[in-house]
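Colleague: Once you've looked at the hints, dock chain B against the given chain A.
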Amino acid sequence: MQEITENKEFKPLIVAFCCNWCSYAGADLAGSSRLSYPANVKIIRVPCSCRVNPIFILKAFQRGADGVILCGCHPGDCHYSEGNYRTRRRMSLLFSMLNYLGIEKERTRVEWVSAAEGAKFSAVMNDFVKTITALGENKKLEDLRCKSKN
Amino acid sequence: MQRIGVFICHCGTNIAATVNVEKVTEALRKEPCVVFADNYQYMCSENGQQLIKNKIKEYNLTGIVVCACSPRMHEGTFRKTAEAAGLNPYMVEIANIREQCSWIHKDIDEATEKAVILGRTAIAKLTLNTPLTAGETGVTKRALVIGGGIAGIQCALDIADAGYEVDIVEKRPTIGGRMSQLDKTFPTLDCSACILTPKMVDCAQSEKIKLFTYSEVEEVKGFVGNFKVKIKKKARYVDETKCTGCGVCMANCPSKKGLNAFNMNLNTRPAIYIPFAQAIPNVAVIDPEQCIKLKTGKCGLCQMKCGVGAIDYTQKDEYVDREYGAIVVATGFKPIDLTNFNEYGYADNKDVITSLELERLMNAAGPTKGVLLRPSDNEHPKVITFIQCVGSRDVSGCGKPYCSKICCMYTAKHAMLIREKYPDTEVHVFYIDVRTPGKNYDEFYRRAVEQYGVDYIKGMVGKVYNENGKLMVQGSNLLDNTQVVIPSDLVVLATAIEPDPSVRDIASKLTISIDTNNFLTEAHAKLKPVECATAGVFLAGVCQGPKDVPETVSQASAAASKVIGLLAKDKLKGNPCVAHSDEMMCTGCSQCARVCPYGAITYEDKTFGRGANATVRRVAVVNPAVCQGCGACTVTCPSGAMDLHGFSSSQILKEIDFICKK
Chain A
1 MQEITENKEF KPLIVAFCCN WCSYAGADLA GSSRLSYPAN VKIIRVPCSC
51 RVNPIFILKA FQRGADGVIL CGCHPGDCHY SEGNYRTRRR MSLLFSMLNY
101 LGIEKERTRV EWVSAAEGAK FSAVMNDFVK TITALGENKK LEDLRCKSKN
Chain B
1 MQRIGVFICH CGTNIAATVN VEKVTEALRK EPCVVFADNY QYMCSENGQQ
51 LIKNKIKEYN LTGIVVCACS PRMHEGTFRK TAEAAGLNPY MVEIANIREQ
101 CSWIHKDIDE ATEKAVILGR TAIAKLTLNT PLTAGETGVT KRALVIGGGI
151 AGIQCALDIA DAGYEVDIVE KRPTIGGRMS QLDKTFPTLD CSACILTPKM
201 VDCAQSEKIK LFTYSEVEEV KGFVGNFKVK IKKKARYVDE TKCTGCGVCM
251 ANCPSKKGLN AFNMNLNTRP AIYIPFAQAI PNVAVIDPEQ CIKLKTGKCG
301 LCQMKCGVGA IDYTQKDEYV DREYGAIVVA TGFKPIDLTN FNEYGYADNK
351 DVITSLELER LMNAAGPTKG VLLRPSDNEH PKVITFIQCV GSRDVSGCGK
401 PYCSKICCMY TAKHAMLIRE KYPDTEVHVF YIDVRTPGKN YDEFYRRAVE
451 QYGVDYIKGM VGKVYNENGK LMVQGSNLLD NTQVVIPSDL VVLATAIEPD
501 PSVRDIASKL TISIDTNNFL TEAHAKLKPV ECATAGVFLA GVCQGPKDVP
551 ETVSQASAAA SKVIGLLAKD KLKGNPCVAH SDEMMCTGCS QCARVCPYGA
601 ITYEDKTFGR GANATVRRVA VVNPAVCQGC GACTVTCPSG AMDLHGFSSS
651 QILKEIDFIC KK
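Protein chains in written order, with the working numbering: chain A, 1 to 150; chain B, 1 to 662.
FYI, nobody ran anything at the bench for these hints, they're computed from the structure. Each statement offered as a hint is correct.
Simulated crosslink set (DSSO-like; lysine-lysine; CA at most 27 Å straight-line):
hint: 1; chain 1: B; residue 1: LYS23; chain 2: A; residue 2: LYS11
hint: 2; chain 1: A; residue 1: LYS140; chain 2: B; residue 2: LYS654
hint: 3; chain 1: B; residue 1: LYS661; chain 2: A; residue 2: LYS140
hint: 4; chain 1: B; residue 1: LYS662; chain 2: A; residue 2: LYS140
hint: 5; chain 1: B; residue 1: LYS662; chain 2: A; residue 2: LYS130
hint: 6; chain 1: A; residue 1: LYS11; chain 2: B; residue 2: LYS106
hint: 7; chain 1: B; residue 1: LYS30; chain 2: A; residue 2: LYS11
hint: 8; chain 1: A; residue 1: LYS105; chain 2: B; residue 2: LYS661
hint: 9; chain 1: A; residue 1: LYS120; chain 2: B; residue 2: LYS528
hint: 10; chain 1: B; residue 1: LYS199; chain 2: B; residue 2: LYS171
Model, not experiment: these values are computed from the prediction.
Bound-form chain A, shown alone (with noise of 0.2 Å):
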């Protein structure tokens, strides 16, 4: 274990969902003005936050991502008017749920990011990869018959 968190070459696989409508834009603002993260973030379009199936979220967890963050609109300002709200609804419990199995909570987040934050998801994902970094790999969740041979 402890070499593990060692390592340095350590580099997280981070799954992001961004709504369209505002986390999306707020990528592309982050690219526009330059605003660098780590490359290991990867991230999925969906209409809005509220699309994200928490299923999804341990699927990624299955196929071997360190962490998976979720990144919608701010509340009240959803495209779609109250999705943001169930998405809130929704990750809250799957978080209890991911802690009560043991899974660290930090591994998933919700984030708002408005499309005129670029700088704040550039801070976000920054600080998101970090946490991860810290957490280590997650063995936990991650199903090895997924792992591809090679």
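Modeller: For chain B alone, coordinates are given in the frame of chain A:
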């Protein structure tokens, strides 16, 4: 098996400087289903698009992946390109290797590796894409405006002016709304009736506008472009087509004790009445609660006196079905109920009045014929104290947390008018802040202070109590830190305004969301201020938030222009990325309908199987014209029957797979 083409853009050096596009091309060419991969300097250019078109035809491609800038930038462009080459526009996926890769990473190897993963993920998603066709629906070339105040009137006139039919549904017997109750309007002090009534007459005379007064919206079905509305016309007991508005019935009615709501209950009216002289339509209405004939069967005086035989005691509520392409909600406001504010003594003292009551007392057509007399003894008040923010900016829970926006200005107006008409009157105003943003507004307020000598006191009022027939207004003067008591003859409360209570019912019928203060929520606070989240529904006036007349009129015209834009279309093209339900898996549990913000999901009884094995089950049906594709239902569905075109669960899971592939 799909035949996928991959096109990688250099974006000049924007991408190519940090991503090795050749390497990405090589890597993606090896992906399953990929039959062609190439890179080009500017994929979005004319030549780049031509390259895509040629390759689609040459390789008979079934789908394309463009690795370029954000889909928010050029997804539409490449969809059109694909469509021009005969491909379904929804068989296009974009891998964002500029904003989310080349621009934020400096290390070429790292960025190239990420670009390959993003490209692979997009290819993987594309293998599960299905051709989608945007549905088209026709548009009923007629609009409905709910509420006949200045917002509704302006909106209807604008729509009619563009050549479209408009119906106004107004719950009161006349159009005109709150503005018809006002005496003068700030900041120019022109008389409200003089500027409003010509517009009311225009509504009545327009061939394009149909008025449904004393009517309510009973039921709304359908969706943008195709609303089906049931309107309830309440029984007036007067034939609208016959009544000439002569007023003989009013003069002869023996039951004269009804409170006159138009005059803020400051005087009475007969059981058969016309709300005010310039009412549109100028037709009488019988209050069934008050009419002796309708209550006891004896009387019938108005019927005997009516020269044209317009009175009909047997009239029943009528229902009218109408179709519309767009709906504007303009239901307006009312002053809040003051029962929670005992400190101002509104309930106990006749001479503590609201500002709207003062409007009626100052109006030439009001209960005092425009002479300012206080309600208790019909005397001229010599000292008048105004109290601002009564129930506004109140976080105690008694009132409203928001600023009602119009009170500072109308109080300045009242103070000025009183000082102008009765220069011997002393006028005091207690205020927290004076808020006058608006063209010529601050100048107006300063005139009240500087020219008319109105005494503005910064501070709140603690209580108003009656002492020997004088109203003692006790408050603080924050500027010199003293307590003041002002013996007054009349106290006027600048009462907070709130949305008309009918708004809740309208909102639920039209699935408009309501905020904590019962104001209707616009689609976007800044960029879509008149649209609703429900397509085809627009907002005008105070139902959306506190507004004065100029702002209300601007918003009404804005809503009208949106309606005209909608009605000008012959066909509405929908977004095909909408939810759909697998009826074999659906259990008809209603969970999805409950989370749908648009009311797009309904239930149908469907027969499954044949003959003896036939069973009838309730299943969800999504109306693609109403669904906006948020996907809330897909996650809520316990049986997994709901899915979203363009962002299906299997597509997202596939993306996860490819991102996590190590």
